[in-house]
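Undergrad: The chain contents come next:
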Amino acid sequence: MNKGVDGSALYDRLIVERARSPLFSGRLEQPDITGEGKNPLCGDKTRVELTLDQDHISLVRHHTRGCAICQAAADLMAERITGLKPAEAQTLSRQFSAMLVAADVTSASDGGTEQPFALGPLEAFAPLQAHRARIRCAELPWVALKEALSHVDV
Amino acid sequence: MNKGVDGSALYDRLIVERARSPLFSGRLEQPDITGEGKNPLCGDKTRVELTLDQDHISLVRHHTRGCAICQAAADLMAERITGLKPAEAQTLSRQFSAMLVAADVTSASDGGTEQPFALGPLEAFAPLQAHRARIRCAELPWVALKEALSHVDV
Amino acid sequence: MSATVEKRPAHQLDSAAIRQQFPILSQQVHDRPLVFLDSAASAQKPNAVIDCMADTMRTQYANIHRGLHWMSERTTEAYEGVRDVVAAFLNAPSREEIVFTRNSTEAINLVAHSFGALLKPGQAVVISEMEHHANLVPWQMLRDRAGIELRIAPITDEGDLDLDALRDLLADGQVALVAVTHMSNVLGSVTPARQIADMAHEAGAQVLFDGSQFVVHRKTDVQALGADFYTFTGHKLYGPTGIGVLWARKALLDAMPPFMGGGDMISTVTFERSTWAHVPHKFEAGTPAIIETIALGAAIAWIEQIGMEAVAAHEAELTTYALNRLADVPGLRVVGAPHDRGGVISFVMDDVHPHDIATLLDRNGIAVRAGHHCAEPLMRRLGLTATARASFGVYTIPSEIDALAETLVRIRNFFV
Amino acid sequence: MSATVEKRPAHQLDSAAIRQQFPILSQQVHDRPLVFLDSAASAQKPNAVIDCMADTMRTQYANIHRGLHWMSERTTEAYEGVRDVVAAFLNAPSREEIVFTRNSTEAINLVAHSFGALLKPGQAVVISEMEHHANLVPWQMLRDRAGIELRIAPITDEGDLDLDALRDLLADGQVALVAVTHMSNVLGSVTPARQIADMAHEAGAQVLFDGSQFVVHRKTDVQALGADFYTFTGHKLYGPTGIGVLWARKALLDAMPPFMGGGDMISTVTFERSTWAHVPHKFEAGTPAIIETIALGAAIAWIEQIGMEAVAAHEAELTTYALNRLADVPGLRVVGAPHDRGGVISFVMDDVHPHDIATLLDRNGIAVRAGHHCAEPLMRRLGLTATARASFGVYTIPSEIDALAETLVRIRNFFV
Ligand SMILES: Cc1ncc(COP(=O)(O)O)c(C=O)c1O
Ligand SMILES: Cc1ncc(COP(=O)(O)O)c(C=O)c1O
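Residue numbers (our numbering), protein chains in the order written: chain P, 1 to 154; chain Z, 1 to 154; chain E, 1 to 416; chain X, 1 to 416.
Next up, chain P with everything else stripped away, as it sits in the complex:
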C-alpha cells in the first residue's frame, strides 16, 4: 500500500476545502426563490435560496447535509451562478451535467446552439466521470436550483 490516500485525483483540494469551510452556506433573510434537492438513496439534502436583482441572480445561499462532493458542489455552484441570468444558470447546469457524463456540451443542450460558459472551478468535478454513482451527489444542488428557477419566467 502506498502512503498517501489516492483521492487527490478525485477530490480536488478545492472540493475538500469547500466541503470543510463553505463560503456560501447559510440562509437568506428574504429569498426571492428557493428550491430543494433530496437523494433518498443516501439521505443527502440541500436547500438553495436566491435573490434576484432585476433579471440577475444576485445572492445565493445553500444549506446542505451531505458528502464532501455534494457540499462542495453546492458551494461552488453558488459562487459560479451569482451574477448570471436565470437562463444562463440553466445553460450552465446542462453543461455541468454534460461534463460529468463526459458528453459533448452541445449535445446536452436543447437547441445545440447555446453559448458555452466557462465551467471554471466547477471543472474540479470532472473526475467523477469515473465514479458514476457519485455524479448525483454533485448534481443535487443543481436539482435544487432547477426547482428554484422553475418559479421564474426564463
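Keep in mind that the hints were calculated from the coordinates and are not lab data. Don't take every hint at face value.
Claimed, not checked - Simulated pairs of lysine-lysine, BS3-like, Cα-Cα distance not exceeding 25 Å:
hint, chain 1, residue 1, chain 2, residue 2
1, X, Lys120, X, Lys250
2, X, Lys219, X, Lys250
3, P, Lys38, E, Lys250
4, X, Lys219, E, Lys120
5, Z, Lys85, Z, Lys146
6, P, Lys38, P, Lys146
7, X, Lys250, Z, Lys38
8, Z, Lys146, Z, Lys45
Keep in mind that this is a model prediction, so the values were computed, not measured.
Put chains Z, E and X with the ligands on the given structure of chain P with help from the hints.
TA: Only chains Z, E and X with the ligands this time, still in chain P's reference frame:
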C-alpha cells in the same frame, strides 16, 4: 442412422404385444372393489376392477387409456396379481416400484423382512430405470390397485 | 439422407458455424448424436452466453445499484445496459418500460397482480383457447380474487384465433384487457397481433401479448404491433434461465401498484409508510438476476448479429420442409393448420401414444416434447390429451428433420 | 503489514487455497489489487460454481419436469437433487419443504402473500427495528391490503433485539407471525432465534427467520431453531444470482394458497377451475431458474466441503481482528455492539461522510458499501442517515483488514 428403431431395449416385445392386444382389459359385471389412477400430467387414466374369492384376488380387469407402457403395465399387473392375497399384491407392488428405481427390494418395504415375490414378466419394465419420467406410467395401474385394496382389510 | 439435404432451398444462415457455437450439440444421447428438437420448451445456449456468464463472475461482479465501488458501478452499468438492449430489441419507446422478471410467467403474474389491482368487479379479461397456462392461471386467480370476468376467445379448427368471436366478446365494452399469445407453443399459430390490438383498443381495452415463443423466431416491434404489454422469457431466446422481461407502456407502469416489496423498489421507507421508486425499479424488488440479465443482453446481441430476418427465413424454410417430410410418415397427423406458423409442429400418430413416441425418439437421440404442453384447455378443444411436438431453433438443420421423420416411420412399424 | 498478519490466531481455513478458487480476487481496481469487503451485499463466486453453470449449459441442459427425453430427465434430476442438498444444508425434515424463489425478497413476499392470505383483519405481524426492507415492505403491503396490524419490536442501544419488549408485543395473543432477521446486515447482530421461536410459539404465533446473512456464516438448523419459515438467497452464499430459498413446515405450505399461477404449479386446468400441484411445486410457477438452482447446489456442496464450522471460526477471528484494528482508527466509531456478531461491521467517521469513505477506499482498491443498506428505519433508530460497512467472506484475509484500517487513517487525514 441405423435402420431398426432402438426401442427393443426398453419396449420388450411383451410390452408392445400387451399394449396392442391386452388380455385383461374390459369391465367386470360385479366387481367387489375398484380403484382409479390418473396422471394429470399426461391425461393417462386407468380403472381397475377386482373380485375377491375368500381372501384371494380371483378376477381382474382394467380399463386403460394411456401409453404402451401404461397399457402393458395394467395388463401384466392384472395377470400377475390374479390368485394373490391382497397383502401379497401390496408387497408385490412395493417390489415392482423398487425395481423401477433400481432400489433394493427390502429397503422399499416397511419392515425389511417381507418375503420377496418373483416379479416374473413384470421384469420387462426394468429398463425404465433409465427413463425416470416414464416410471409413473408403469406405476399408474398399481396406484389404482392400491386405491381398490384400500377398501379391504389386509 | 445427404440427397435430402441437397433438396432444401438455400438460406442465409451458416448453420455449421452456428452449431459450432453450441457445445451441447456435440453431445451423445443413448450413444447417438443429440438431435435437439425441443427448443420451444427451452433453447440451448451459445458460447457467447456461457462465456458472458462465466466472465462476469470471473472479472466483474458485485451487487448493483447501491454500491459506490468500482465493481458495483461496472456491474450496474452492465445490468442497466441490458435495458437499452432489450428496449431496442422490442423497439420499445423507452428503456424505463423494460421490467426484468424471472420468466414470462412472472411477467404475466405481475400484470395480473398490479394491473389487475386497477380493475373493478364486473370488468373482464379476454384470453384465448390456445393459451399456455402461464397466460391463463394468473387470470383465473385474479377472477377468483377480484370478481372480474374471464372470457375465452375461441379458435378455429385450423388453430387460428377466431377474430369474429373476439369482436363479439369485446362488444359490451366491459373488457379491460385482451391477453393472448403472439405465437402458440402447441400449434405454432402466429396471431394477427396488430388486428387484435386495434380491435381491443376500439373497445377500450388494453392488450397483452405473450411473446414467449414469438420473439425467438421473428422481429418484434411493440410499437408497430400496438401492444400495451408484452412478455418474453430469456431461456427460450438462447439466454440463461431465471430471467424474463415485461414491457409495458410507461403510463400503465406508472399507474400500477408494485408487485413485490423489498430493497431497490422503494424511494423512502418508514415503518408507517413507504414510497416507491420510479419505474421500472418499482417492479424489481430485491437483488435481481444480475448475472442472468447481463447474459440475456449477450444472447440478444448474439441473435441480432445473426439477424432476426435470417432467423425467420431459416425457420420458415425448416418448418415447410418438416411439414413436407412429416406428411410422408404413415399414420401421422399434424395438429392444426394455422395461416401463419412459426417453427413449432405438434403431431399425433395412429395407435402410438405421444409418450411412447417421445421415449422411442429419445432412444434414438432425438429430443421432442410430449404431453399437454401446459395448455390443457387447448388439448381439450382439440379432442386430445397429448401431442408430440418438434420445435426448431437457429441451430436446427434439415438432416435433423430427416432423422425425425425416418425414426417416426420406424416407430410406427414397431408398434403396428 | 506482515508483522500484523503474524499476530492473528491460527485458524483452520487454507485461505490461500480458497482465494485461488475465486478468479475475481486477482483483478485490479484503479490499479490496485481488489480488496473485496462487500460480501454481505453479494459474495464472489468460486470456480466450482462458475464451472457448474458453464458445464450444465455445455453438456446437460433442457427444460425440466415435463420432458421425457434424456436431457430433460437428467436436468430434472440435477435440479430436484438440489432440493435434497438444501434440505440437508438447513436440516429440514423434508425435501418437499424447500421452495425455490428468485431471492430472499421473493421468498418473504411469497409468505406475505400466501400465508398472509390466511390472516384475518386484526391479527398482527411482528417485525423488528433492524429489518432489511425485504422483511419490512412486504408486511407493510400486507397491512395496507388486508387490514392486519404491523408491530415493531425495538432493539437495544447495543443493537440486540429487545426480548422483553417482544414479549409485551406478543402478550395479547393477536400475533400470527413473528418475522425477524437471523442476522442483521447492518449491525451484524445474530438474534437468539430459538428463544424468539419459543416466545412466539407460546403466544400462538409462527416465526419466520430471514437467514439471508446468517446462513453464509454459520451452520443453520431449522429444526433446532424451532423455525416455521426460513429464507435465504443464493448470491450471498457464493452461488449465482436469481435463486433463493424458502423453507417452511409442510403443514403451512399445504395450507397456503399459491403465489403465482402458470405452468408446473398446477395439477389440472380447465377454464372454469384449476387445481394445484403438491408442495413445493405449487409455489414454483413457470420455468424455474434451472441453471442457477443447479449451481446453488454446487455452491452449497463447495461450502460444506470447507465446513460451516471452519467458516464460522474463520469469520469470528476476522471480525475480532477487524474490531481491534478499527478501534485504532482515530475518529472512527463502530455502530452497534451486539452480544453476538457475524462478519459485518458498520462504522462512521467524524467529519467524513460514508459516501466519501467508500469512494476513497475504492480509489485504493477496497470495496465497502455505504448508505442505508436497505434498512432506513434502522438508520433512523440509530440517528444516522448512512454508514460505511465492511463485511467478510470465506476468502477474506487479515491483510485486507489491515489495508482497510490503514487507508481509513489516511482518508481521515485527508479530510481533517
Ligand atoms: C438481512 C437481509 N435480508 C434480505 C436481503 C435481501 O436479499 P435479496 O436481495 O437477495 O432478496 C438481504 C440482502 O440484501 C439481507 O441482508
Ligand atoms: C406461449 C408460452 N407462454 C408462456 C410460457 C412460459 O414461459 P416460462 O416458463 O419461461 O415462464 C411458455 C413456455 O413454456 C410459452 O410457450
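Undergrad: Are any of the numbered hints broken by this structure? If so, which, sorted upward?
TA: 4
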